[in-house]
Every structure is written in structure tokens, then in C-alpha cells.
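A.B. asks: Sequence:
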Amino acid sequence: MTNPANPWPSILDRYVQEVAKDDKENHPRKTVRRYHGRDVSLWAGKVHVDDVDGWVENTRLKHYLRRWQSRNSDSLLLPTTDDIYDIMIEADEEESAEAKKPFHLDRLAQNIVRNQIQEPVVIHVRSDGKTVLWDGNRRFFATKHLMRNEAYQSARKSGQWLPAYVYEASGDPELDKQTEHKILTELNFIEKDHIPWPSYVKASEVHQSYNWLVANDNSPTQQRRAKDQVARDYGLGSARRADRWIKMFDLAQRFKSYCENERERDEVEVELKIQEKFEYFDELTKAGVWGAIRDDVDAQYEVFEWLWDGKFQAFPDVRNVPKILADPVARRQANTPDDVDAVKRAIRTVIANDPLMIKDKEAANEKIKQFAQWLDSFKREDFRQLDSDSLGSLRIILSDVTQMLSGLLGSASAEAEA
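The sequence shown begins at 0 in numbering that gives the first Met the number 0 and counts up by one.
Because the hints were derived from the structure by calculation, they are not lab data. The reader is advised that the hints may include incorrect statements.
[Claimed, not checked] Pairs of lysine to aspartate or glutamate, EDC-like flavour, derived with a Cα cap of 20 Å:
no.	residue 1	residue 2
1	K156	D12
2	K285	D338
3	K201	D105
4	K285	E301
5	K129	D242
Take these sequences, add in the hints, and give me the full structure.
C.D. replies: This is the structure:
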């Protein structure tokens, strides 16, 4: 809504009245910004942090919002702005690793004290007068943090004012919806100097748009067109990238279903695990890997457990999945519980058993180590389980190897003494 005495939206008027009444240079002004190929007319000015409500529909927040709703035993309960602040602060504080904090509110508050807010938040003033924060949730709540944390008391006088672009309702709800999409795409899909949405969150938006486009026509031709359009709409550069995210998200949902339904894991915990491991789904969807487990549900579940347990320590590990599954010993090793190195050990077994590597020194050493460990685990009762042919073969081989090694080790010892 607009104050009749001024042309700008009333949410911008407080700064004028309290700070810049006689300073026309700092009055709100009309500007045009370009977002994902569209020129958008906006008002540029400053708003007071208390006059803005946080964005409860923020995609990055939704996993923690579900947990909050679960605690309150109401899946439809919507938090207040103060509730959202508490949710975000708790999420940051419960993560000890700085790099893994989901919102970094305190770090951003420190940056605001040093440099102020460089990129204005984007606010939409609807036709009913209600203001909606379209973009800048972290900047907004970092400012809230600045106003509530005593460590930043000296910075509050200037910090309470948020630079903002204000978009007024056009009178056409569909146009406003398209404009919102353009702004969010430009500011969250096209990577900038702030924390972009996680790939999993981006992929979920792409996946949803793609499914809507093929809902009534799932032919190969329409699928190609839909991927081309989604790539354009979200600035992905190519349909190939859209296809990659769609496949990754599909498999991530299969993983999610397994974890929640078969393993009864917490939904929020599963969502966060997917965010953390999302790029591994790219390797898992590649033909050489997915082709080996597509029709084998048990194998899929085993691989999902390896992913959940952190047994894939690098992307190339995933490429060995077909070979691990085909080798009974390697497969058993990979399934060892509570062992993050299980897949690495299984890969070494695969290498040792590879016919192409059988004479390779590294492979031979690994194979001998494994055989020695296996044989050393045998007790008298275990040998009694073997048939006479196997025992006879083992005795001959060990006798020959013992004689050969005696000569080799004796020569090596003599050379060392010389």
C-alpha cells in the first residue's frame, strides 16, 4: 500500500520519517532490475526489520520446520517470525562443524556489522497490503540476530534498517507469480556470492516443474521438450543438466522411501542426509552402476546402506559397485556394519581378484594378505570340514611354497648381510 502523501509503498516510509526526512538523496526511488531475462520495476529504499515477516515457505527452512511442527504435534502449525529465528539459531548451534552449519546467521551478522548488507532483500507488497519477503531470508534473520544478541548492541542503530527492493502488486496475479519465479531463479539458481540453495533443493524444484510439464503427455518427444524448457526456466544451461538433476532426484526419492519405510528413520534426518550426499546420486544413476542394481531390490538396499553409513568416501568408489556386488567376498566386506572403510576394503578385494590385475604386484600382495588372513582364521575343526582332495592340494601347495620361500628369504638375508 502507498501513503497518499508519498509515491512509494508505505513500508518504506518509516525510514524517511525517522532518519531521512530532510535528506531527499536517501528517499525511496524507482529503479529497474533485470532478473533472469525480465526487467522488473521496483522501489529501492530501506525498511525496518520489525516491519518485515520472515519467509516461512523458504525451501531451505522446510526440513527444520517439519521438526518444529512435529515437536508441537501439529503438522499445519505455522511459526511466527520469532519462531523461525529460534529454529534457524538452533539448527546452527546443534551443528559443531562450522562448514556444515545450515544458515550461518552469526557469521552473516558479523559480516553485516563489518560491511552492511550489500544485496537488498526483495519484498512483495500484495494487493491486500500484506508484505511478503521473497528473497533475503538469511539476511533478514541475521539482522534479527544482530538486534537480539547482546554482542551486537553497538551496531543496532544502523543495523535495524534493511536495504530493500519492493515490488508492488501489478493487478495480475499470474504476472506477479512469474515475476517471483524470475527473481528467485536469478538470485538462488544462478550462483552468487551468498549461499545458494543446496543442489538437492534446486533439483526438487526442477523435478516438480518437469513433472508438471509431462503430466498429460509423457512421450519421449514431450520429455525432451520439457527438459529443454526447464533448463531455460531455471538457467541450467542445457537440457542435459536438467536430465541429470531429474534422475538424481528420482533416485534420491527412492533412497528416501527406503530409509523412512524400511528402516523407519526420521524424515528430517533422511532429508538432511540426502542434502549431504546428493552428488553421489549422480554416480549411482550412471548406466554402468544403475544397470547393475536396477532390477535387484536387495542390491539397491545394500548400496543405500553403504551410502547412509558413509562408506563411499569418494565419487570413484561408487563406480566399483557392480564389481563389489559380483564378488561374494567383496560384497560381504562392504556390508560389514559400523565400518566406514568397508567399501574401500571391498574395492581392494575386487582389485586383487581382477583377472587383468592378477599378475600386478599390488594386486598379488593384496591377494596374498587376504589369503593369509583367511587361512590363519582356520582352526582344526575348520580343516576337518574340507574334503581329502582339498587337503591334499593344500598340503602340496604349502610344501612347494615353503621350499621356494626358504630359498628366496635365505638369499635375501645373505645379500643384506653382504
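A.B. asks: All the hints need checking, so say for each whether the structure fits it.
C.D. replies: Hints versus structure:
1. K156 x D12: With a Cα-Cα distance of about 17 Å, the restraint between K156 and D12 holds, given a limit of 20 Å.
2. K285 x D338: violated (26 Å)
3. K201 x D105: violated (25 Å)
4. K285 x E301: holds (17 Å)
5. K129 x D242: violated (38 Å)
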